[in-house]
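S.K.: Residues per chain are reported as follows:
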Amino acid sequence: MTNPFADRDVISTLDFTKEEIEYLLDVAVKMEDIAKYGSKILANKILGSIFLEPSTRTRLSFDAAMKHLGGQVIGFADWDKSSIKKGETLSDTFRVVENYADVLVIRSEWEGAAKYAAEILNIPVINAGSGAQEHPTQSFLDLMTIRQERGKLDGLTIGVCGDLMYGRTVHSLLPLLMNYDVKLVLISPSQLHIRKEDKVMLETRNVQFTEVESLESVLPSLDVLYMTRMQRERFRSEEEYLRMKGFYVLTKNVLKNGKPDLLIMHPLPRINEIDPDVDKLPQAVYFKQPKYGLLLRIALLALIFDAL
Amino acid sequence: MTNPFADRDVISTLDFTKEEIEYLLDVAVKMEDIAKYGSKILANKILGSIFLEPSTRTRLSFDAAMKHLGGQVIGFADWDKSSIKKGETLSDTFRVVENYADVLVIRSEWEGAAKYAAEILNIPVINAGSGAQEHPTQSFLDLMTIRQERGKLDGLTIGVCGDLMYGRTVHSLLPLLMNYDVKLVLISPSQLHIRKEDKVMLETRNVQFTEVESLESVLPSLDVLYMTRMQRERFRSEEEYLRMKGFYVLTKNVLKNGKPDLLIMHPLPRINEIDPDVDKLPQAVYFKQPKYGLLLRIALLALIFDAL
Amino acid sequence: MTNPFADRDVISTLDFTKEEIEYLLDVAVKMEDIAKYGSKILANKILGSIFLEPSTRTRLSFDAAMKHLGGQVIGFADWDKSSIKKGETLSDTFRVVENYADVLVIRSEWEGAAKYAAEILNIPVINAGSGAQEHPTQSFLDLMTIRQERGKLDGLTIGVCGDLMYGRTVHSLLPLLMNYDVKLVLISPSQLHIRKEDKVMLETRNVQFTEVESLESVLPSLDVLYMTRMQRERFRSEEEYLRMKGFYVLTKNVLKNGKPDLLIMHPLPRINEIDPDVDKLPQAVYFKQPKYGLLLRIALLALIFDAL
Chain A
2 MTNPFADRDV ISTLDFTKEE IEYLLDVAVK MEDIAKYGSK ILANKILGSI FLEPSTRTRL
62 SFDAAMKHLG GQVIGFADWD KSSIKKGETL SDTFRVVENY ADVLVIRSEW EGAAKYAAEI
122 LNIPVINAGS GAQEHPTQSF LDLMTIRQER GKLDGLTIGV CGDLMYGRTV HSLLPLLMNY
182 DVKLVLISPS QLHIRKEDKV MLETRNVQFT EVESLESVLP SLDVLYMTRM QRERFRSEEE
242 YLRMKGFYVL TKNVLKNGKP DLLIMHPLPR INEIDPDVDK LPQAVYFKQP KYGLLLRIAL
302 LALIFDAL
Chain B
2 MTNPFADRDV ISTLDFTKEE IEYLLDVAVK MEDIAKYGSK ILANKILGSI FLEPSTRTRL
62 SFDAAMKHLG GQVIGFADWD KSSIKKGETL SDTFRVVENY ADVLVIRSEW EGAAKYAAEI
122 LNIPVINAGS GAQEHPTQSF LDLMTIRQER GKLDGLTIGV CGDLMYGRTV HSLLPLLMNY
182 DVKLVLISPS QLHIRKEDKV MLETRNVQFT EVESLESVLP SLDVLYMTRM QRERFRSEEE
242 YLRMKGFYVL TKNVLKNGKP DLLIMHPLPR INEIDPDVDK LPQAVYFKQP KYGLLLRIAL
302 LALIFDAL
Chain C
2 MTNPFADRDV ISTLDFTKEE IEYLLDVAVK MEDIAKYGSK ILANKILGSI FLEPSTRTRL
62 SFDAAMKHLG GQVIGFADWD KSSIKKGETL SDTFRVVENY ADVLVIRSEW EGAAKYAAEI
122 LNIPVINAGS GAQEHPTQSF LDLMTIRQER GKLDGLTIGV CGDLMYGRTV HSLLPLLMNY
182 DVKLVLISPS QLHIRKEDKV MLETRNVQFT EVESLESVLP SLDVLYMTRM QRERFRSEEE
242 YLRMKGFYVL TKNVLKNGKP DLLIMHPLPR INEIDPDVDK LPQAVYFKQP KYGLLLRIAL
302 LALIFDAL
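Residue numbers (the numbering used here), protein chains in the order written: chain A, 2 to 309; chain B, 2 to 309; chain C, 2 to 309.
Just chain A, same shape as in the assembly:
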């Protein structure tokens, strides 16, 4: 297969076929040495990093990935100190930064921001999170985590739990999972069910899924449990958020009813939905996910520049 990521935008997981995603994951697992010893693969290339919402993981791992590849990074995470503060439109800002960078990584609360940037710019654009909509590289690394930790996807029963309405990582993950023969168990308060369009998508693709509110009742059936936080910043009111916060709290006690090798994942940041006691369990892999994320982003950047 020819590199399908060369000079390509990465806006939505829906834009990629199963073969393309597996191609990416196959490359990602080979990036260990570059993560460890560095390289000069992208020497003289500059990544423009524009983060208009808070971020730790995504911003720093793109930053580290680019530097491991020998490239450089410019940009801003302190948007109050950019010309956006003077009233400049995002569109104008993007067109300006295009002159200084070879690839652009964008996070924004506006759902279409990265997509719009991809349309108007001549350099590749990577969506690093667009409002409640998409977070494709997070979902690639989530898929990679399951594949590496369990050795396969087919045949697994995967629980996705928490804020399924506002959580962009869930919205981006579903299109990837439906490429496989998996059973999905969607666990959420009734007010935070997955969105209608996600439901239609799953039905159209004949994915087996159930929607439930009780985590305890389905826990024994799960091979993977993907926890998510309540997306405080997307709720309409603080009251609504406070009602929902604490709806699910995964403890060692709760986990007693789960399979012994139940894989426990979380895109992070977690607030209180996983008790810190759970961290030490060997199947709790949420602090390994960022490492997979680094390998994934090294691979993605190298492939976009067709530099491997």
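Check each hint, because a few of them may be wrong.
Pairs count within a copy or across copies, as identical chains cannot be separated in the list.
Unchecked claim - Derived lysine to aspartate or glutamate pairs resembling EDC-like cross-links, with alpha carbons at most 20 Å apart:
no.: 1; residue 1: K289; residue 2: E89
no.: 2; residue 1: K246; residue 2: E89
no.: 3; residue 1: K41; residue 2: D103
no.: 4; residue 1: K281; residue 2: E89
no.: 5; residue 1: K41; residue 2: D8
no.: 6; residue 1: K86; residue 2: E110
no.: 7; residue 1: K86; residue 2: E241
no.: 8; residue 1: K86; residue 2: E54
Just so you know, these hints were derived from the structure itself, not from any lab. The model shown is predicted, which means the values in this text are computed figures rather than measured ones.
Given chain A, work out where chains B and C should sit, using these hints.
M.R.: This is chains B and C only, laid out in the frame that chain A set:
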């Protein structure tokens, strides 16, 4: 001509002769390859970047320029998180950063900040915008844009439109333009005329200029139109700003009365003074200006270190 | 002596023996060439820089030090724009960043933050200031300054003046000074005496020290005067701070009663406790301290990676 920029401060456009500026522009046009493929010219050099006012273009293009030259960048754009927050004077901050950097780029709302830094420090200082006063590298790139896009300066009629009182790019551009045989048309509301000292300067140098309020009336005569935004942050009150905002709005319709090859420029950010429809016109070069700015700053840094 | 800093955390000055500190200082003085010409010693290494309190000197000098060594830097100083803003714990943030970096530099107002990070992480952690508690690299460079400027420590009478209660640089410096045959004169308002545990420590080690309020009265006896600022951000109330601010102001006039070669130091930032007129005196070395700090941090990073 020997490199006149070696180890030199860049504070005001008034400090440079026509010959020196043309020397810089001649070097800048040759920087295309470095902007594209990078270099190691300034390996092991560190640029200190101190931005105490919002910036996108200037900060990121100095950052990119230094990295294309193989150098490194340190500094801050989030001044609230520096020791200035603890009450440290700018002067002390500058003297400290001098120890970590080989050249300093400073933006500040205080008009004399960069000039003062240049006086007390032993490393070269570049003014990246000092209040309403000066922004020399912006003006160098503006001049470069006209020269590259029109092939010459002499004989042109150049309109400068908008907030001519508070706009530092205009204040810095005038001393450059008066080196050439140009006619200047200064278009502004009467409250935002160029400052008295600028007027005296133009008269002393026998520059042909007129001051008008109506853009439409003079548009047909112009070869270049340099639009600027109302400098909201410099106005004395929000009311005054709101009265002035929208005073000039350049649309495709307005442009029908202009010469077909009228060059349309803007230092950016623009707010509403140029309609987005104008962006697609081939003579609208304001999104090409940042690219010239990158070349210009690559040249300037390389020359300051006398490294070409 | 084998490099005692290889793969080591740097949390408190109390963790290091006299021999270890002198080993570090001996290496630091040899780093001049690297500070001037750069190196590739730490190529492919990444420093994670997490600053949760304002900083200029410490952050930028670690940044510059790492880049002089050929390494890269990622991190944040704008903590409002990190996932901490979304409610992530510091502990989770540290565990994530561990995946992207080879060494972590942490500043935090929480006194145990760096120590805790060192306990839970598998990469070396450097404390870049923890609340009112510790700032070990500042104290190493302070010791280096005295040693380089006076040629020795033994036999000196060293005055430490200002906010001895909340100032973390003092708290970190005392354990270093007590390794030598020095006399300490602790000059502070009675409300801002050194803490009880510091006093006990000095007594246990039989260090000669006196506590006084009047700077003038002891000035003639001093070989070194280490001034500190009132730690506004640590005071319980603004009123208390305002009462104390201005308690000590070192002027040229005051200094007339001091020895002619009295070494004047300050960790910076200074507010008003040293008059700017004093800056020009040859024995005022507080603007040389940041340069020693750069050498010190270059040495420390190189030694932690055992790369010399």
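S.K.: If a hint holds in the structure, say so; if it doesn't, say that too.
M.R.: We went through each hint and held it up to the structure:
Proximity of K289 to E89 under the C-alpha cut-off of 20 Å is restricted to the inter-copy arrangement: shortest distance 17 Å between copies versus 39 Å within a copy. For a Cα distance limit of 20 Å, the shortest separation of K246 from E89 across copies, 14 Å, qualifies, whereas the shortest one inside one copy, 36 Å, does not. In the homo-oligomer, the alpha carbons of K41 and D103 lie at most 20 Å apart both inside one protomer (16 Å) and across protomers (18 Å), since each shortest distance falls under that limit. Only between protomers do K281 and E89 lie at most 20 Å apart by alpha-carbon distance; the minimum there is 18 Å, versus 47 Å within a single protomer.
In this assembly of identical chains, the alpha carbons of K41 and D8 lie at most 20 Å apart only when taken from the same copy (19 Å versus 26 Å across copies). When the C-alpha separation of K86 and E110 is checked against a cutoff of 20 Å, the pair qualifies both within a copy, at 16 Å, and between copies, at 15 Å. Taking the shortest alpha-carbon separations for K86 and E241, only the inter-copy value of 19 Å comes in at or below 20 Å, while the best intra-copy value is 30 Å. Proximity of K86 to E54 under the C-alpha cut-off of 20 Å is found in both arrangements, the shortest distances being 14 Å within a copy and 10 Å between copies.
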